[in-house]
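Asks: Given next are the chains, with one letter for each unit.
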Amino acid sequence: MSEEFVQLSLTPLLIGVLAAIACALPGNFLILRRQALIGDAISHVVLPGIVVAFLVTGAVSTWPMMLGAAGAAVVAVVLIEAIKRLGRIEPGAAMGVTFTALFAGGVLLLEQSDTSSVQLDVEHALYGNLESLIWLAADGWPSLLDPVALAGLPPELPRMAAVAGLIAVLTVLFWRPLKLSTFDEGFAAAIGLPTATISFGLVIVAAVAAVAAFDAVGSIIVIAMFICPPAAARLMTNRLEVQVLWSVAFAALSAVLGYVLAGYGPLWLGADHAVSAAGMIATVSGAILALACLAAPQRSR
Amino acid sequence: MVQPILDALLLQAGYNAALVAVGATLLGVSAGAAGTFLYLRKRTLVSDAVAHATLPGVGLAFMAMVALGGDGRSLPGLLAGSALSAGLGLLAVDWIARRTRLAEDAAIGAVLSVFFGFGIVLLTVIQSLATGRQAGLEGFLLGSTAGMLYQDALTIAVGGAAALAAIVVLRRPMTLVCFDPDYAAATGIDSRRIDLAMMALALAITVIGLKLVGLILIVAMLIIPPVTARLWSERTDTVVWTAGALGGVSGYVGAALSAALPGLPTGPIIVLVSFALFLASLACAPRRGVLAAALAYHRFQRRVHRRQGLLALAHGEPILDPLTLRVLMRAGLMRPDRVATEAGRAQAAKALRDERRWQVARQIHSDDALAGRYDGLTPIETVLTPDEVADIDARIGGPNPAAGGA
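Taken in sequence, the protein lines are chains U and E. Here the first sequence is numbered in this note's numbering, starting from 1 and rising by one per residue. Here the second sequence is numbered in this note's numbering, starting from 1 and rising by one per residue.
Hints in this document: simulated from the structure, not taken from any laboratory. One or more of the hints may lead you astray.
What the hints assert, rightly or not - According to the in silico footprint, chain U covers these stretches of chain E (three or more CB under 8 Å from chain U): (1) 93-102; (2) 179-191; (3) 207-221; (4) 275-286; (5) 319-325; (6) 350-361.
To be verified - Just a sample of chain E residues kept apart from chain U, beta carbon distances all over 12 Å, derived: (7) Gly70; (8) Arg73; (9) Ala245; (10) Arg303; (11) Arg306; (12) Arg330; (13) Val389.
We put the beta carbon where it would ideally sit given N, CA and C, even for glycine.
In isolation and in its complexed conformation, chain U is listed as follows (with noise of 0.2 Å):
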């Protein structure tokens, strides 16, 4: 038992919780900025992206799978602001047409192009492989201590332990611009803030996050990251400190609770089969806002 833990379970585990705390981090400052969608809109366009890179590189390979997803997420950020402003449209509706438009053109391309021989498919990228990225090197819990069998880690792990890192690094050095320029934005302007790159720095952090975490979990399901954990803590308190700490807590209970359901919750039932480890992760962290939304302190507006 202990053995298969660590060989199965283990590192899908990290992973999950990982890839949803890099997510809920730069999610608190979207949803006060009611800018949660960008997170959705920039779930949708990690499919051209790696597609596009596909085709150029005729690869399934990290780094040019990550630039072309992190260069679809920055194209499609300028596309936004271009039609918003271009055409005078509203953000919301701005959003929609440009992260379906190129959704549809990611999907067009995929079905045109010979992807066959990879796996690369929509419903890989919408669901995400969390309960393949298992540790076959290991031996048990003396493996973590043993050069070999790290070596035979899957590379998800330390990417996203990485990203994890750098976001939350980034989120402390940054901490009060990013708190002034969120709760007053013509305040931190006039004190000589760059109230605009500090926007844009934070959804390319969000794109970072989301392109990191799409292996993992599925690029739909990032937006629940990007969130619901937020969304739960900032019911919990007026505080923003308090709010990202109760987030990252949201998001890693969300991550175990959903994975351990996943794997185990059918065979309580007396079912077979394993479910989505991805869809019950979101799901549970659903569950935890509707909790919070029905019992959280400072959930009344």
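Let chain U serve as the given structure and place chain E on it in line with the hints.
Replies: Just chain E now, with coordinates in the frame of chain U:
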């Protein structure tokens, strides 16, 4: 290559393709028209939450039908399940936005992703069932016309037509609520119920379009045509029916191209045709298009340079700006050697006097209504009556420009 496309566009590519094309057209018209009201109400992305929230309903409906011994892939059953699920999602968005301190966009994003996640859980449950008839459910994610039956196409066509009829009946109250909910309430229209009717229409169209376009992209049919139509007109009725026409054309051309060209999925093609129409409109629309805006900007720029040039002439100051010089020369107000023509001197004197008139006018009428009208370009006689202008001239004194140069 061209022949299959022509055949499809002329509904000659086969009975099934023709049915799909007609269904897609009706759906597109309804989606475009209904989407306009969401756009005017600034609730466009609520339809995204509704669309994603259909997935659990599809899964549950399949499981229920299989449990009852029926065919799990019956389209009416699946659509009924998705409608219930989407309705719940809509209620959840509304409840969260009204009852908690969270903004509507957070509510939309939360409902969208959680319902979708739960739907994926159900899909994986279904895949593990022993029924063996679950293939094709994933077609609801992206839409699929392959294997679409006559009854399916008929369902879509009838549903689209019914939604269109509802829009015709409700368009006036919906327009009123979009622009002035308080006035609507004062005349006895329940704004909240009309809002719900708008959302119900969007929900119905979303559900009807699931099979054709897929739940991820159906929102595009509700968003892109209205945004495009808005670039062409300021009148609500015109925008509604233009959006309907654009939606219908996108649906028709998209379905036809999909039938004609192998391997092209219907949903993405429809969305991309719609987006192409949007880009063309963004560039070329007569008032709100980018080209029109650029032309208007250049006209404004020339007006400013002409005005400033005339004032400089009147003050006897040298003009060095190349654009100003070019504008004055082209208008016949200045000769190539930079000396003012007779007409130029007359216009310059007029401009200078107009400036003086504006100064006096702002002293006389110190209220904001007049002060706000001065933009440095507007001739004063377009704002004040002739006797008011004469009164101001009397205060200024000096030669009247009609008397000729002195």
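Asks: Hints first: check each against the structure and report whether it holds.
Replies: How the hints compare with the structure:
1. 93-102: The restraint on the stretch 93-102 of chain E holds, since 6 of its residues have a Cβ under 8 Å from chain U and three suffice.
2. 179-191: Three-residue rule not met by the stretch 179-191 of chain E, so violated; n is 0.
3. 207-221: holds (count 4)
4. 275-286: Three-residue rule met by the stretch 275-286 of chain E, so holds; n is 3.
5. 319-325: n = 0 at 8 Å, threshold three: violated.
6. 350-361: With 0 residues in contact (Cβ-Cβ under 8 Å with chain U), the coverage given for the stretch 350-361 of chain E is violated.
7. Gly70: holds (22 Å)
8. Arg73: holds (18 Å)
9. Ala245: At about 18 Å from chain U, Ala245 of chain E clears the 12 Å cut-off, so the statement holds.
10. Arg303: holds (22 Å)
11. Arg306: Check passes; 27 Å lies beyond 12 Å.
12. Arg330: Consistent with the label, Arg330 of chain E stays out of reach of chain U, its closest Cβ about 29 Å off (over 12 Å).
13. Val389: Non-interface label stands for Val389 of chain E: nearest chain U Cβ at 36 Å, farther than 12 Å.
In terms of the numbered hints stated before, the structure departs from hints 2, 5, 6, listed from lowest to highest.
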